[in-house]
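Chemist: Okay, here's what each chain looks like letter by letter:
Protein chains: 4
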Amino acid sequence: MCRFLAYHGEPILIETLVASPTHSLIKQSQHAAEGKTETNGDGFGVGWYGERAEPGLYRELRPAWSDENLWSICAQVRSKLFFAHVRAATGTATTRANCHPFTLGRFMFMHNGQVGGYRAIRRRIEALVPDDLYLSRTGTTDTEAIFLAAAGRGLADDPVAAMSATLRLVLAEMRRAGVTAALRFTAALTDGTAIWAFRWSSDAFPPTLYYRQGACGVIVVSEPIDDEPEGWRAVPAGHALVAAHGRPAELRPMELEVALAA
Amino acid sequence: MCRFLAYHGEPILIETLVASPTHSLIKQSQHAAEGKTETNGDGFGVGWYGERAEPGLYRELRPAWSDENLWSICAQVRSKLFFAHVRAATGTATTRANCHPFTLGRFMFMHNGQVGGYRAIRRRIEALVPDDLYLSRTGTTDTEAIFLAAAGRGLADDPVAAMSATLRLVLAEMRRAGVTAALRFTAALTDGTAIWAFRWSSDAFPPTLYYRQGACGVIVVSEPIDDEPEGWRAVPAGHALVAAHGRPAELRPMELEVALAA
Amino acid sequence: MCRFLAYHGEPILIETLVASPTHSLIKQSQHAAEGKTETNGDGFGVGWYGERAEPGLYRELRPAWSDENLWSICAQVRSKLFFAHVRAATGTATTRANCHPFTLGRFMFMHNGQVGGYRAIRRRIEALVPDDLYLSRTGTTDTEAIFLAAAGRGLADDPVAAMSATLRLVLAEMRRAGVTAALRFTAALTDGTAIWAFRWSSDAFPPTLYYRQGACGVIVVSEPIDDEPEGWRAVPAGHALVAAHGRPAELRPMELEVALAA
Amino acid sequence: MCRFLAYHGEPILIETLVASPTHSLIKQSQHAAEGKTETNGDGFGVGWYGERAEPGLYRELRPAWSDENLWSICAQVRSKLFFAHVRAATGTATTRANCHPFTLGRFMFMHNGQVGGYRAIRRRIEALVPDDLYLSRTGTTDTEAIFLAAAGRGLADDPVAAMSATLRLVLAEMRRAGVTAALRFTAALTDGTAIWAFRWSSDAFPPTLYYRQGACGVIVVSEPIDDEPEGWRAVPAGHALVAAHGRPAELRPMELEVALAA
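Chains as they are written, first to last, in the numbering used here: chain F, 1 to 262; chain P, 1 to 262; chain V, 1 to 262; chain H, 1 to 262.
Hint data in this document are derived by calculation from the structure and do not stem from the laboratory. Fair warning: there could be bad hints in the mix.
[Unchecked claim] Only part of the chain F face toward chain P is listed, based on derived beta-carbon distances under 8 Å:
#  : residue
1  : Arg-78
2  : Lys-80
3  : Thr-95
4  : Ala-97
5  : Arg-122
6  : Pro-130
7  : Tyr-134
8  : Leu-135
9  : Thr-138
10 : Ser-201
11 : Arg-247
12 : Glu-250
[Stated by the list, open to error] Over the 12 Å line for every Cβ pair with chain V, so calculated as not near, a few chain H residues:
#  : residue
13 : Ala-53
14 : Thr-94
15 : Arg-123
Using N, Cα and C, we set each Cβ at its ideal position, and we do this for glycine too.
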C-alpha cells in the first residue's frame, strides 16, 4: 500500500501540500496513519503541469524523507495541477520505472491498492495493453499495465468508462486464473485539466480516499494531511470523483459487478 | 555495445581479471578500444559461483569505474567461474534490472550486440518466453528476453542448439516485422560448470570476441585485457565456443541461416 | 538510532544471521523493536573478513530491505567475522560515505547512538583526527570522526583504552561547547581477530546491546535476532565486551567520568 | 576536469541550452571536446533561480546522459538565471554532496579545475572555512571548500576580491606544503542577479572558458555548445568576467601573483 496526493487549483508551490503540512505526504512516507503499512519507503514521484501539455516528472527509488532534490523541487515548482506519491512495494522491484506517477503524453496516473494474484496473471494483464502503447511499458507494476490498458480504451473520451472497462477485464483475468484475493483500487488520473479519482474494491475493504474542495482548489489524498477532519470527505466506495478547480466535485458510480470468485 | 569477460579455471580473485590488468574490464568501462562506444558507463554487473549452485550477483546502475563496492567485491571474492559486464545502453533504461549478467537458477547469461528493430518487436520477442519463466522478466532488455526464451528451449540439454533455435525465432520475428537492421550477437552462458560463448551476426559485422586458454583456466572477452596478442584467439563468426577448465575449448558452428530481409 | 550485528566464530554464510532469522537485521531495517526508531531505512552496510587482512565492504544508501545485491552477497559470502548495520540517520545525509561500517586498514567500526550537539561541535570532533588519517574522512558522521580519532590513539594496542580516551575528549568538547544533550554510545570494533563492543552513556539511557556466546561463535547485536531470550545477555552499561571465538567473552569497565554539564 | 554552463537573461527553458543544442552540456557529459577528459560521467547538477531568493537544485550521482529526471526538469523549468555542471571526478568520491553547483543562501557556485596536491592539503583548505559556515560543508571537494572559504571573505560585497583573496590563501597553503602541481581555476558564481566567471591558472594552462552576449542574455561555458565560433569569446586568463543581462559584460584582472613553487 502506498500514499498519494493530487491537487488542482490556484497555482501553489508543491511544498504547500507535499512537504509543509503537519501530516504531509513526505511525513506519510515515514509514518502513514491509515495505510496497511506505516512506512512508504520504496521510492516516490512527483509530477506537475507547467510549461507544456505534458507533465514534468521527478521519480526516484530512494525514500522520500531523505531526498534533498525532492525538497528543493517542492520548494521551487509552482503548479496548478500536481500529483505526488510515496510507494510501499508489494512484490515488484524498487526502481524508478516502478515509481508512480506514470505519464503518457498529457495523461498522468497513480495508484494505491493491489491486483490479487498479480504475480500469476501479470502476463495476462500486460496483454490488455495495446501494441502501440507497449513500448511505454518500462516497469513491471500492475499500476503501469492498468494505466496503459485504460489508455487504449478511451481515456481521452470518458476516463470513468475507460477505467471501469479496464478493471472489468482485469477482474475477468483474475476469475479465469482462479484468483480469490481481492482487487483493491484507489487511483488518480489527470489530463492536465481535471482529476478523476477512483475508489473501488472487490471486497469490503477499499483503501481510504478523501477529498477537500475550497475556494483555492481541490485536493485528493489517501489520508488527510492535516487535522481538520470536517474539511475532508471520503470518496464513497465504488465511486469515481471528477474534480476540477472552479467546478463542484462530482461523484459517479463505477458500475463494476463484484463477482470475483463466486 | 557493451564489454564483458567470463572465466573458468582455478579459483582466483575476481580482481585478477576484472580490475588489475592493464586493460581490465573496469578500465574498458571508461576506455574500450574495439567497441562501437568507448564509454560503457550505463551500469555493470558481476556474477560468480561459490557457495551454491546458483551464482552470486552484484549489479548496479552507476558506472563501474567509480563504484567502491565493485572494487571491494572484486578484491575479496575468489571464484572458479565468474562473469563481468559493463554496459553501454542502446535504448533501454539504465536500471539494475537491465544490467547484465542475468541469472535463472544455476544459469547465468550476458550479451553484447543488438537485435535490429528491437523497439518495434519487443513484445514479439517477449512472447517467446514461456509462461512459467515470465515472472523472471524484471527488465526491458532484448538480452533478458532472449535468455528466458532460450531457457524454455532446452538450455540444460544443449545450450548451442537452444540458443540457435531462439535466435532463429528472433530472426523470424524481425523478418515478419520487415526489420532490415542486423542481429548482432556475442554472448556468454554458463550453468556453473562450463562456458558457452557465441559469436554470430546476420551481417558482416559481428562484434569482436576472443578467448585464451592456459593451464590455469580459460578466459572469454569482448576485447583483450592485456597486451599479449598472441595469447588471444578470435572466436570465428558464426560459431559457439564451448569452454571449460581442464578440457580443450571446442568450436561448433551455430547453423543459423542468414536470410534476414531477403 | 541504528541497529547492528557482529559475529566471530566458525565460518558461516552471512545470511545465517543477517537475513534468515525471525527478527534478522534486514527485518529490523523495517521493524526494529527496541530502538528509538522502528525504521532503519537510511542506508546499510556489511563488512567481512575473508581473503585479506582488510575487510570486504558493501555499503549502499538504499534501504536494506529492498536491496537485491545485499540478499545475494549475504547468501554467497561465508566468513568467520563480519559486521552488518542498518542506519537511521540523525541529521547527516543519506550517502554511502555516511553508512556504517567504516574501515581503516584491517580495522572496522560501526556505531549506534548520538553525540549530543554534534552539529555545533562537528569541527572540534574532526580536529581529534590525526593529520595522517584525515584523508580517510570521506563522510560527515560523528561515528567516522570518532573512529579515526580513536585510530590515532592506540586502537592497535589497547582498543578499550583508545576508545575511552577518545570519548573523554569528545565529552570535553561537548562540555566546552555547553552541550547538555547526552553522549550515547554503543559500538563494535574489530581488527579481524576479535570484537570489542562498547556500551556507555552520559545519561541513564544507554542504547541496548546484547551478546550470545556458544560453541560456534559469539554474536553481538543491538537487539536479539530471535526469540531465545535466555540466550542473550545484555552488555552492562559502562562496559566494553571483548569477544573472540574460542575464548570466553570478557567485560571491562570503560572508566569514563560522567560529568557532562555539571 | 568538468564542463559547465551559466546563463542570465530572458527567462528560457533550461533545455534550450543544456539539452537541445548540437553540443549541449548533456552531450558534453559523454563527448566533451576541449576538456582533459572526454567523459564527464561522475554526476551532475543543475541549479536555477525562480520562486525564491535561494536557487532550486537538482544533483545526482549518475551520468547526466541517462538521467530521465534531468531531461524532464530541463524541459519544464523556465528561469532567467541557471547553472548546470557535469562532473569528471579527480580523486573525490562520486556522491551527490560532491556534485556541483554548490549553494549557500542565495549564492551558487561551480568549478572546473584542480587544486594541485589537494589530497595532501585538504585539511588546510578546509581550515579556511569560517566556523559559522562549516556545517554547510557536506562533501569533500576542493570546490566546496573554496566556495565556503570565499563566502567568509566578502562574497556579498566584492566577489572578485573575495575569490582572489581566497585563492591567494589556497596558493599560500600549496606553497607551505611544497606543492608544485598547478592551481587551475575556472568557475562561475552568482547571487541570483549577476554572474561572476573566473579564469586563472598558476601555470600556462588555464582551462578554457567562453562567453557570448546577445539581446536575450549572456551565456558562460567551458566549451561552446554550438558551431558559431564567431559568437563565442574566450575569457582571458587571469581575468574575472562580470556578466548580467542587460549590462555589457566586463572583464577585471584577478590580481593574483603566480609564484607557486618559486
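Chemist: Output the indices of the hints that this structure fails to meet, ascending.
Modeler: 1, 2, 6, 10, 11, 12, 14 and 15
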